[in-house]
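**Q** Residue numbers 59 to 230, in this note's numbering, belong to the letters of the sequence shown in order.
FYI, nobody ran anything at the bench for these hints, they're computed from the structure.
Predicted, not measured: the structure shown is a model, and the values here were computed from it.
Be careful, since some hints might not be right.
[To be verified] Derived SDA-like pairs (lysine to any residue); straight-line CA-CA distance at most 25 Å: (1) 134 x 92; (2) 171 x 74; (3) 224 x 132; (4) 171 x 133; (5) 171 x 71; (6) 134 x 80; (7) 171 x 205; (8) 134 x 98; (9) 134 x 178; (10) 224 x 209; (11) 171 x 209; (12) 224 x 175; (13) 134 x 224.
[Unchecked claim] Simulated restraints, written as ranges between beta carbons of each label pair: (14) 215 x 131: 24 to 30 Å; (15) 121 x 154: 17 to 23 Å; (16) 215 x 179: 17 to 23 Å; (17) 131 x 156: 38 to 44 Å.
Where is the CB? At the ideal position from N, CA and C, for every residue including glycine.
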Amino acid sequence: MTEARPLNGLYHFAYPCRDAEETRHFYEDILGLPLVNCMMSEHVPSTGEEQPYVHFFFALGDGSYIAFFDLGGNEKPAPSPNTPDWVQHFAIETNSVDDVEAMRVRLASHGVKTTPLVDHGFVRSIYFFDPNGLRLEIAARTEEPGFLAQAAADAHDTLTAWNKRKHGKPAG
């Protein structure tokens, strides 16, 4: 078996959209993410399918991207029928809780409904939906020193406890 090579980080997350211009306006004009690439094609390179589409990318400050596909049908992506709408989301980090609050105010000024500031204990964030139904989170880290190391040390035990609970076995 070949040894796993390091995975360095997120390159891009891709999601379908109803309308490329509507999506561009939201991500570039409202969220402030620059449109940095847009490719139009008649076929899908990974499958060979004939399908006209446009694939476009917005840059995040860390060098990663959020990308979209407009397939031309003007259809909003359907939510997963077996998943609550709060589960699937894309979280974007900002520098401070003040920046999260400023984004909440900016979104409200554009008619975008957000949650109040949510304190998760290690991050504070807001949640909202883009025009395609994709739930987004704007978050600022607030963890205390040592939090991440302790969370990593506990992660396997916590997952084991969950798996026991999920499969009806007593913990311990």
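**Q** Does each hint hold? Answer for all of them.
**A** Now for the hints, and whether the structure bears them out:
no., hint, result
1, 134 x 92, "holds (23 Å)"
2, 171 x 74, "holds (21 Å)"
3, 224 x 132, "violated (40 Å)"
4, 171 x 133, "holds (22 Å)"
5, 171 x 71, "holds (23 Å)"
6, 134 x 80, "holds (11 Å)"
7, 171 x 205, "violated (31 Å)"
8, 134 x 98, "holds (19 Å)"
9, 134 x 178, "violated (30 Å)"
10, 224 x 209, "holds (21 Å)"
11, 171 x 209, "violated (32 Å)"
12, 224 x 175, "violated (31 Å)"
13, 134 x 224, "violated (33 Å)"
14, 215 x 131: 24 to 30 Å, "violated (47 Å)"
15, 121 x 154: 17 to 23 Å, "holds (20 Å)"
16, 215 x 179: 17 to 23 Å, "holds (18 Å)"
17, 131 x 156: 38 to 44 Å, "holds (41 Å)"
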